[in-house]
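Trainee: Protein chains in written order, with the numbering used here: chain A, 1 to 1001; chain D, 10001 to 10093; chain P, 20001 to 20423.
Simulated from the structure, these hints should not be mistaken for laboratory data. Watch out, some of these pointers could steer you wrong.
[Unchecked claim] From the structure, some residues in chain P lie toward chain A, with a derived Cβ separation under 10 Å: (1) GLY20076; (2) ASN20131; (3) LEU20147; (4) MET20163; (5) ILE20166; (6) ASP20192; (7) ASP20203; (8) ARG20205; (9) ILE20277; (10) LEU20301; (11) LYS20342; (12) HIS20416.
[Claimed, not checked] Listed next, with one range per pair, are the computed distances between beta-carbon atoms: (13) GLN20159(P) / ASN265(A): 47 to 57 Å; (14) LYS887(A) / GLU10038(D): 39 to 49 Å; (15) ILE10025(D) / HIS20236(P): 12 to 22 Å; (16) PRO514(A) / ALA10077(D): 33 to 43 Å.
For each residue, glycine too, the CB sits at the ideal point set by N, CA and C.
Chain by chain, the residues run as shown.
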Amino acid sequence: MSQINRLAHGGRIDRSKPLHFTFNGQAMRGYAGDTLASALIANGVRLVGRSFKYHRPRGIMAAGAEEANALVQLESGRRTLANQQATRIELYEGLSATSINCWPGPNFDLMAVNSWFHRLMPAGFYYKTFMWPAAAWKYYEHFIRRAAGLGVSPKLPDPDQYDQMNVHCDVLVVGGGAAGLAAALAAGRTGARVILADEQAELGGQLLGEQAEINGKPASHWLAAGESELAGLADVTVLKRTTVFGYYDHNFAGMLETRTAKLPNGGATTRQRLWHVRAKRVVIAAGALERPLIFSDNDRPGVMLAGAVRTYLNRYGVRAGSNAVVFTNNDDAYRTAIALKDAGVKGVCVIDTRLAPHGELPTQALQAGIAVIDNSTITGVTGKRRVQSVEVMTLNADASGVIGPARTFPCDLVATSGGWNPVIHLHSHAGGKATFDEARGLFIAADTLQASACIGAANGEFQLNDCLKDGFRAGRDAAAKAGFKKASRRKLPTAAVVDEAPARIIWALPTTKPIGQRGKHFLDLQHDVTVADVQLAAREGYRSVEHTKRYTTLGMATDQGKTGNIPGMAVLAQALGVANPGDVGTTTFRPPYTPVTLGAFAGRNVGPLADPVRMTPMHHWHELAGCKWEDVGQWKRPWYYPKDGESMADAVNRECLAARNAVALLDASTLGKIDIQGPDAAEFLNRIYTNAWSGLAIGRCRYGLMLKEDGMVFDDGVTTRLGENHFLMTTTTGNAAAVLGWLEEWLQTEWPELKVYCNSVTEAWATLTLCGPNARHLLAEFTDDMDLSADAFPFMSMQEGTVGDIPARVFRISFTGESSFEVNVPASYGLALWTQLFNAGEKYGLTPYGTEAMHVLRAEKGYIIVGQETDGTVIPQDLGMQWILSKKKDFLGRRSFARPDSARGDRKQLVGLLTGDPDMVLEEGAQIVAENRNNPPIPMIGHVTSSYYSANLGRSIALALVSSGRDRVGDTVYIPMPGKVISAEVTTPVFIDPQGERLHG
Amino acid sequence: MLLIPCPYCGEREETEFHHGGEAHIERPQDPDALSDAEWANYIFMRTNPKGLFHERWVHAAGCRRWFNMARNTATNAIIGTYKIGEKPPKGAR
Amino acid sequence: MAEVEKPVKKYSLFSLARNALSFHQNWEKAWRSPEPKKHYNAIIIGGGGHGLATAYYLAKEHGLTNIAVIEKGWLGGGNTGRNTTIIRSNYLWDESAAIYDKALQLYEGLSQDLNYNIMLSQRGVLNLAHNLHDVRELKRRVHAIRLNGIDSEYLSPAQIKEMIPIIDISPSIRYPVMGASLQRRGGVARHDAVAWGFARAADARGVDIIQQCEVTGILREGGRVTGVETTRGTIHAPKVGIVTAGHTSVLAAMAGIRLPITSYPLQAMVTEPVKPILNSVVMSNAVHCYVSQSDKGELVLGAGIDGYNSYTQRGSLHIVEEQLAAVCMLFPIFSRLRIMRKWGGIVDTCPDASPIISKTPVEGLYINGGWGTGGFKATPGSGWAFAHTMARDEPHALNAPYALDRFTSGALIAEHGAAAVAH
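Put together the whole structure using the sequences plus the hints.
Mentor: Rendered as structure tokens:
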């Protein structure tokens, strides 16, 4: 295909750099500087895709982020991108794009049968049907789902990477058009840290598509000079291809920068960067979006926004048609008419809804020989796959209908303008309000909660000269408010002021029949929402703009209603008889302004960096030993260490037997360790723990239980008195941070009078737990300054000394019920000591054991795990731990025991379970019932909290919480599983060594 | 994204802090003297106002200090922060 | 002149076809916009799904039709219109299973009952486990739900992969998928349609739905409620129900009642629409994300709550980032899709992550709130039980456990694990 619509001269494209691309498989050419849209127009492509609901043929209608029709699937395979606006795709060599939502193609689309049934598919039709028979909805839905959706998701993981940036600045300027560039210059000159972000590849905004002059020269001169000045300012950052997509509380903005716009294969850089910007001031110079006139069949390929048509001419050197009609309610579109005429487009005429337009621009147009048909409207469009002609009639007195004879204008391009809407999206994101300017039919930013201002076209200033003035003033002002007041004496640039007459706002233009009965007046092109749909919604009582939006899906497509929302709201107001469209309310704009990639939100927080992995000092030994890992919080803990060919059960059984019959070693470094110091430390523990601490001797350890104020068990652990005013608290692995936070909260906010300081020392120490009858023998080989005998070093005491010449704290505490020594050495020595122990330990049968064996061993003793035997609903009494509740003092949570529910007789209590079949290991989490049946519903009396095969006992064991469990000891209960019922006897929850002889040995 | 003025460290990002709920709820001196309803009021009941709210925060990833903040929950505007034990700033009482 | 046809009441394919011939000019209003009367037999404050359902069941089940629903904004505009539309009843405790499954059963016949297609789509809800603790807790839940007579299955990673081929079950990811619970009856429904369907059906039974009418005070005399002050005048009624998710504490305070509720922002979002790629609803409590694909093709995603009180209906970006990182971890193919729109709601959470459906110390004043992140799925059941409570001045067995006094007695219903999002 040749570039039949490319002008010989003009535009910002580089004709010396041709680029090849394909669209729907057809080879085409464009130039560097083109967008896919401009290149498609240059190549004469009119039909780009099909609409969502009716599958009507659609072409390009805009030149920027407001494009509703021209969505394509860009590239294929891993890097394919769905629903990309052709107007925002920078052309590159080899680009390949296809139409979406049509099959087999946009020219002939089988789904277009939908349009035959369009009368049956008004807004919300699906709420009224597909209900009979009730079971059939899922079949209807299956076809609806297949028909819906637009492009296709990639089928393989994303090969690209995304970065996140965190920056502070004094002034963030959103938008690099005339106003934004002026603001950035003014702020930058004061020395303030300025970020100027613009969504396009070049600064200039709307100026890039205009033939405007600044200081009597083409605006491009001023743009180039401004950009070069900014480049010379050290504290100014200019970010192109960067969309400020969201504005959040306290002047926080999110920006998406695309770095590989022309690198489909990614190149060596990250694909996109998501910027977090905290600005002192934000200047919103986001420009304005043109809105279309809403007339019958205004969706036909070739109906375009007038400003976009001008942009294609001036910026890209393409004409969007060869025979054009301009349809407007304002003066601005006359610029398009004049530009089209200048470009050699034939038959250019202007249909103006106003009576006798008389401004400067209409006058110029008339002088240029352009016919102006005033007080008129387009009443119909012929041509389905491209515009062939328009029918034009005169408006009646109140513009509610048309009169007189119809005239037909052959054309292949209709450039329409209904005026411009300020882009106040960001202002609205952060809680800003808007007021409706009735005369101009647009929303203007009003009160804001943030330190921001909308300026230029984003504030309804459409004269270039005003935008420049506004920009310099706003930039200076923002910098001054951020503390930068350096004055600049430079002369401000000026542009000619063009006198523009007021627009004539007619939201839905009449045709020869009532709206909806001849053609379709589209408001939302992508979702096929028409004026008739909005009127229907209003008629049916969906009075709020939010109702209408949701009922009709107006503004909910990928363009988020950038062109259709305001006319839609106005149509609703008219239908409801509300004079001021502002009174039906504007829907709050939601971030993002344009869609943002999930990968960019995720940044580097994916893969191994999704969450930090915490590793103990001995981690790599475990890894080399081939352990299986258990994730506990962020920690990796060895779960079990299978030897060659061993099953999990084999390995755990072996580890458990070693721990009770020889010696086994556990890496317990992950247990939380909190160093507590201060003269009031013991008193503090008295309040935090349920038992008493003042009398604990130095060098002694005590088990403690912590409750929340509701009386529920929160954490447990052993705390040791290291000195008169010095304790070391241990916590569960998962709760370490929460417990430290809990201690600090009480100390700082409730008991600031207590002189106590807490600090986490979890990672300062490696903890090696030697467990089993040979533990003492092995440890004795490594220490000569500690007496390890049971008398000198009794259970629940601590000694400081050296182990393997390493300074160590050794605790005689146990979570297995076996004689144990918990050796704590500085973390950096952990691996060395661990390795030494293994070098020496073989003769004692030293075996590493993991969390699974630890769990089995502690369950054999009936020791609870917080979070497994407890779930936030368990009080100490339920666990049979009345013994730990001091009666002599208050402690957190104590008062809650006096509540009726704590005294309930049928509370669930911790018990043991022994299955009838000793080899049957119950499933943890299985529910317990009193009746031997399996036909739900069955009342449940409890659940299995822990369940294992115990190699030491040669049978299975389980712990459970059972209603009135202690009264049921000896009873048989039932555990219904899918397909079977298992019986078990209720026992006390201690299966081994109930007297604790091993423990003290 | 709140920007929170820690009274010890200055303005820091919200992500460095944890919220600690309503401020100025004192633990009863003698819990046994309370009825169950009064005890429930202390542990569970909260004012949860729309508008001026006094709340606790902790600069968890900073100085680890707890402090109080007066904030408008309808707008997220921060009126001021103050140390534990201090009275709310003027305009936030 | 065309003959003026009578407005069409009943929705059906036939009525749709008949209306097509008249260019859809003759549809009856889905609901009236009446002026408030001076007096009603009962007033529901809050025109969200729960309030409208309450009104509907008051009228349908209890014959109470001289009632008004008073809504400060537009009906269905609060959390009803802001949630991720997930419906399920896979709750741990008997009390929860009972009320959520009542809701699900009502949902299963709701389109026909209301003559409004709420597009209930029982595509299955999976809750993922990512560590051994999750697995244990999930199995506990699966067993309990099954024994309560509710459909419930446990899936291995391979079975998950079979249902959701695009999920990454590789054991090497940071939060590996180790199992899932599945409730096949779970799924999604069109949230707006639920509100609108209840509104239309309640209106048809004579309920006045009064929008743009803000309650500014709750009138009491001698310990009992007598009506409400509103921006459109005083309205009297001997019974008033507060059903204002997101503002429960604010309304209760008007009657001098303190609640165990804190209001947090909760964010949700949708991607651009794509062709069908995800059939079921996938939720993960551990990494705070839930995702489904709407009939329109958008992925509907929910994040965890923002951790501070706020009524702004806005949340912070980092919460969304954490959630989307989790989505990209579980579904690496979604990384290049784009978020099209995100928004926030206000969730009123109770300390036990269970709601309050209760009488209050003020006679004739009732509260239904505190649903946290999970109110939508309960809508019909909540309204049904609350209607019973208001009509009879005593709770139904379904909601008796959800009385306010459980916070005094300590009989909480701790459902933190069942909430989609950790509170």
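Trainee: The structure should be examined with respect to each hint, and the outcome stated for every one.
Mentor: Hint check results:
1. A least Cβ separation of about 8 Å between GLY20076(P) and chain A falls short of the 10 Å threshold, and the interface hint therefore holds.
2. Checking ASN20131(P) against chain A by beta carbon gives a least distance of about 5 Å; that is within 10 Å, so the hint holds.
3. Taking 10 Å as the C-beta cut-off, the interface hint given for LEU20147(P) holds, the closest approach to chain A being about 5 Å.
4. For MET20163(P), the shortest C-beta to C-beta distance to chain A is roughly 16 Å, which exceeds 10 Å, and the interface hint is violated.
5. Contact between ILE20166(P) and chain A, as hinted, is supported at the beta carbon level, the nearest pair being about 8 Å apart and thus within 10 Å.
6. Checking ASP20192(P) against chain A: minimum C-beta separation of about 5 Å stays under 10 Å; hint holds.
7. Checking ASP20203(P) against chain A by beta carbon gives a least distance of about 9 Å; that is within 10 Å, so the hint holds.
8. The beta carbon of ARG20205(P) comes no nearer than 16 Å to any beta carbon in chain A, farther than 10 Å, and the hint placing it at the interface is violated.
9. Interface hint status for ILE20277(P): upheld, as the beta-carbon distance to the closest one in chain A is roughly 5 Å, under 10 Å.
10. Proximity of LEU20301(P) to chain A holds as hinted, the smallest CB-CB distance being about 9 Å (cut-off 10 Å).
11. For the restraint placing LYS20342(P) at the interface with chain A, the shortest Cβ-Cβ distance is roughly 6 Å, inside the 10 Å limit, so the hint holds.
12. This hint holds: HIS20416(P) has a C-beta 7 Å from the nearest C-beta of chain A, less than the 10 Å allowed.
13. Here the CB-CB span from GLN20159(P) to ASN265(A) is close to 37 Å, at odds with the stated 47 to 57 Å.
14. The supplied range of 39 to 49 Å is broken by LYS887(A) and GLU10038(D), whose beta-carbon atoms lie about 22 Å from each other.
15. Between ILE10025(D) and HIS20236(P) the beta carbon distance is about 37 Å. The supplied range of 12 to 22 Å is therefore violated.
16. In this structure, PRO514(A) and ALA10077(D) break the distance hint of 33 to 43 Å, their C-beta atoms being roughly 50 Å apart.
Against the hints set out earlier in the document, violations occur for numbers 4, 8, 13, 14, 15 and 16.
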